[in-house]
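Colleague: Read in order, the letters of the sequence shown correspond to residues -22 to -1, 1 to 1091 in mature numbering (1 follows the signal peptide of the UniProt record, and there is no 0).
None of these hints come from the bench; they were simulated from the model.
Possibly wrong hints are sitting among the right ones.
[As the list claims (entries may be wrong)] Keeping only pairs whose Cα atoms sit at most 27 Å apart, straight-line, the calculated DSS-like set for lysine-lysine is:
#: 1; residue 1: K109; residue 2: K349
#: 2; residue 1: K358; residue 2: K322
#: 3; residue 1: K427; residue 2: K358
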Amino acid sequence: MTWKYCILHLLASFTALVMVDAQCRTEISIPGMALDGFVFKIMSATAPHQCEVHCEREITCQSYNYVIGEKICELNNRTKEARPHNFRSDPARFYIRRFIGRVPLGSISEIPAISCGEIEASEGKYDISNKYWLDSSFTGQAELVDCSNTVKTITSPARGKGEPEDQDDYDFELVFRETQQMNYVKHTLNPMWIAHFTVCAWIHTPDVQQNKKVTIISVLTRLNDDSHKALTVQIDGQGNVYFSYGNDRITLSNVFATSSPRDQMVFLCIRVQTHSPYMDVIVNADFKSIISSDSVKYHNIRWSQVILGQNQKADGTIKNDSSLDGRISGVNIWQGRLSEVNTKNWYNSGLKNQYYKPDIIGWPEFGSLDKRFGDVHFVKVASGGRHWRNVSDSEVDVQTTNDVSAPKSYESGSGIVIDVERRSQVTCSDGSYLAFVDGVFISVSGSWKRIAYKQTFLETQKCFAIFGSVPDWATGIFTPGVTEFDLDLDELWTQNLKSPQGNYFDGMNNQCGDGHFWMVNQPNTPVAEVSLRRKSGVSDAGISTFGKCGMFKFRISDIRNMPGSYCFFHFLASFTTFVMAGAQCRTEISIPGMALDGFVFKRMSVTAPHQCDFSCEREVTCQSYNYVIGEKICELNNRTKEARPENFRSDPARFYKRRLVGRVPLGSIPELPAISCREIKASEGEYTINNKYWLDRNCTGQTELVNCSNSVEGKGEPSNQIDYDFELVFRKTQETSYVVQNMLEKWVDGFTVCAWIYTPGVEPGKKMTVISVLTKMNGVHKVLRVQIDGQGNFEFSYENDRTTSSSLFASPTNQMVFLCVRVKSQNSPYMEAIVNAEFGSTVSSDSVVYSVAQWAQIIIGQNQKADGTVENDTPFDGRISSVNIWFGVLDEQNIVNWYNEGLKYYVPNIIKWPELGLSSKRFGVVHFVKVTSAGRHWRNVSVDEVEVQTTSNVVAAKTVEGGSGVVIEVQLESPVDCPVGSYGAPTDGVFISVSGDWKRISYKQMFLQTQTCFAVFGSVPDWASDIFTPGVSEFDPNLDELWEEEYLGPNDNLFNGVNTLCGDGHFWMVNQPNTPVAGVSLRRKSGVSNAGISTFGKCGMFNFKISDIRVLE
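I would like the entire structure built from these sequences, with the hints used as guidance.
Modeller: Right under this line is the structure:
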């Protein structure tokens, strides 16, 4: 077994043990993973264990990555425990924490942490104590900080440690408190080119002084000369908005004319672009009051760091001159100017939806604990909306125990106020709390999800239960219907004198004694503003407080709630009917908050949702429907979500349902054609696909009857979002084959597109489209194209403007080539084409000028028209891989890295190759091929690498032919006939082994004369099992490639997928005098020392030709 096969097994087992704090700790290398962003030194090593030695020599080394192929050590100054969100998949590396002598993070000034929280994450419970070195502002100046108190703050209720549950969890807020710490949230970006953008956020700053300026967001940008500027959005307590970029700034007065963030949570959006109007400000999605300005001009620039809650300097350190004090939620940043419709949808829905998904930063990315510094509190909102509302007098009902009065009144600025007081004080003897329990329950009607209020604690009280707590001594009195306060899920947004020693609440919701806040802080007055969650399903809920042994006296004010809706969505989730279909009991369920987009053919008004079922059943082409809840409208679709999963999107205003009765299978009638056999398979599953179906491949309205039963398209999928290890094969067939990606009108300035391409079957003068992009600017659509031909010529066009370069590359008919095209909207050269990362041969042109535009649709393998339909005049014929598109001009080093490594280096931010590999995006006959190697470098084998073995009576002559490389012509010396129905004859066989450490082999096979029994493409049937072992996996259309097929079916060219067969009706029997030809690639089995090409046969004239042998290293 070679070193390349053995190393991963070795690395996975590379384990050492070290004793720490009397425990046996295990450090294990983790293959396929690396810590990103904390490498401080890189060095070569001849073996992995040398990295451990290098790490032990560096006092700041905490862990290391090992780059397997390059034999390089990358020393890190953090561990994955300290920075879990930087611990990422990387197949080219493995990671290991330092074994011996690792210095705890922050224990010496040479390796300061950025916060006590980072130290706790890194070192766990073993080492956190006393003082540690911090450099929280990244100035290079470390200071000694007492983390023992701060850690209590982190692990106790003084700081919510919650995390977003997943990438779709928008349902939380972050609370910035005015403390002695610098509080902020930091998100680091790989330098990303941003032309136009929109930032939106919900903000509430109740304690901000009128003239106090606070920072909502600041962005560190990098200019072309590598200098930096900060872009900042700030507000103050008077309703003014401040927007600045570097030294340019503007003040917009009274932006919050009707709703100040001091009084309630408001939704602020700022849209910025590189031309007039340069900036728009919108509050609460009120576009009638939009404010625009050209005073600050923004340019297409790279973003490197985003900070919430603090201003930052040009060097990326915290300025700390305008700290946020309040709550923030739903901070999202999009490419381009968010439309009025999408802005209103985000305002009304509150949660992430598919109206226009944030593509620079989504809110959940800010919520991770490792991105929050200082005292930033995580609060679970438990509701999609951010619309808090003051309660009215009629909604509030007060209940009390005997001898407790609780008059209700209204005060300006405080809303409904309840002053609670016991008529006479009850004292208890020392150590005894035997007394009557006093209590109050303030119920608030309505279907709200969350309640917020202020409680002012007066006089003294020995025993108390507050914030939803109901201790044993208070059970049976009132049930408040809310969940007891939890700092990881709820919010304590004002706290004055809430602990015996200071302002911070100690987390005790109920207590009896003499040393708690309600006893020791008089005559000062403890105050708390808190929000609590309503329990699911309760009919009565509100605010409660219980007490005994004291003067039960306090005040409740500022009561607000967050509306919700229990009944209607509960109804939608339960709206289920049953229908009999195909002798099975099928359940069709309405799916609230979802809709099928793009396939509505009829809309109509109804009085109730069930009428949509009847309307759908009257239309033969109706497959499903969306119901628009508020407008009571049915939208009838001619597809289902199964047929078009990529168009099934979040929409809180609708619900979706598939047709219950009488649904016609897609493609079964000409009135309802599919666009491909694949779409029919996706729609109908395994039950219906057989025989012929109606297709309209080009969406022209002209249908044709097509046999879908013979389709053997590769149905594979990328394993995950980082799986670049596949190719797509476009076959020359009657079908229109292409891959499509909806771009949701993303704004794109300059860009770089790279792809591996191989077109062995293209004619020299035949033009083919590699990629076409539908763009939109000022309502006008234009198509951008990258095209090549079989002579190595290249053409780049944008609508009617085009530039052509002759013989740009050695023809891709001979080998796979790596083509990159870099395009700028400003500055010459506007377009550059680079082949195989050879920058000395770069071709540049200013003939075609691209302008900043919105991208609507990308198509691979076909040209498209300005209306987005497929042109089908220059179809691609061949293989394509690793199509990636970046914002901006990808630099020389990153292009070289992509060419050499084949996997991600500088993360593509417009299109990543795995996004194009999904079967739902492939149409026609686009074949998915698993490559099982990162590289795309196929090479022709030499005659010395090829060895031929045959059975007796078989001759296999090896020669070399121009254009075909090594050729093996195989022939039986004399044919063997078998009686009809009998295949009892000796087996003929040939094995063509190819030396070397390759992963995949490709070859062409021409089948001559006739053969009754055969086994091809790596197949070894029982009747040939003791002859040769080819060392490759048998052909699988989901993993392998059939890149040429002529006369491979009994009735046409398409191979039926049967690798071994005996009979009279297969391709090797019925197609003579025509010659069946196959071009195939196969996978080498893991661990085999000898592998290659095999064919077995009996009963006939064993005669064929092998040529064009190539391997993928």
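Colleague: Determine for every hint whether it applies to the structure shown.
Modeller: Hint check results:
Distance restraint check for K109 and K349: the Cα-Cα separation of roughly 22 Å lies within the 27 Å cut-off, and the hinted pair is therefore satisfied. Of the supplied pair hints, the one linking K358 and K322 holds, its CA atoms being roughly 23 Å apart against a limit of 27 Å. About 12 Å separates the Cα atoms of K427 and K358, which keeps this hinted pair within 27 Å; it holds.
Comparing the model with each earlier hint shows no violations; every hint is respected.
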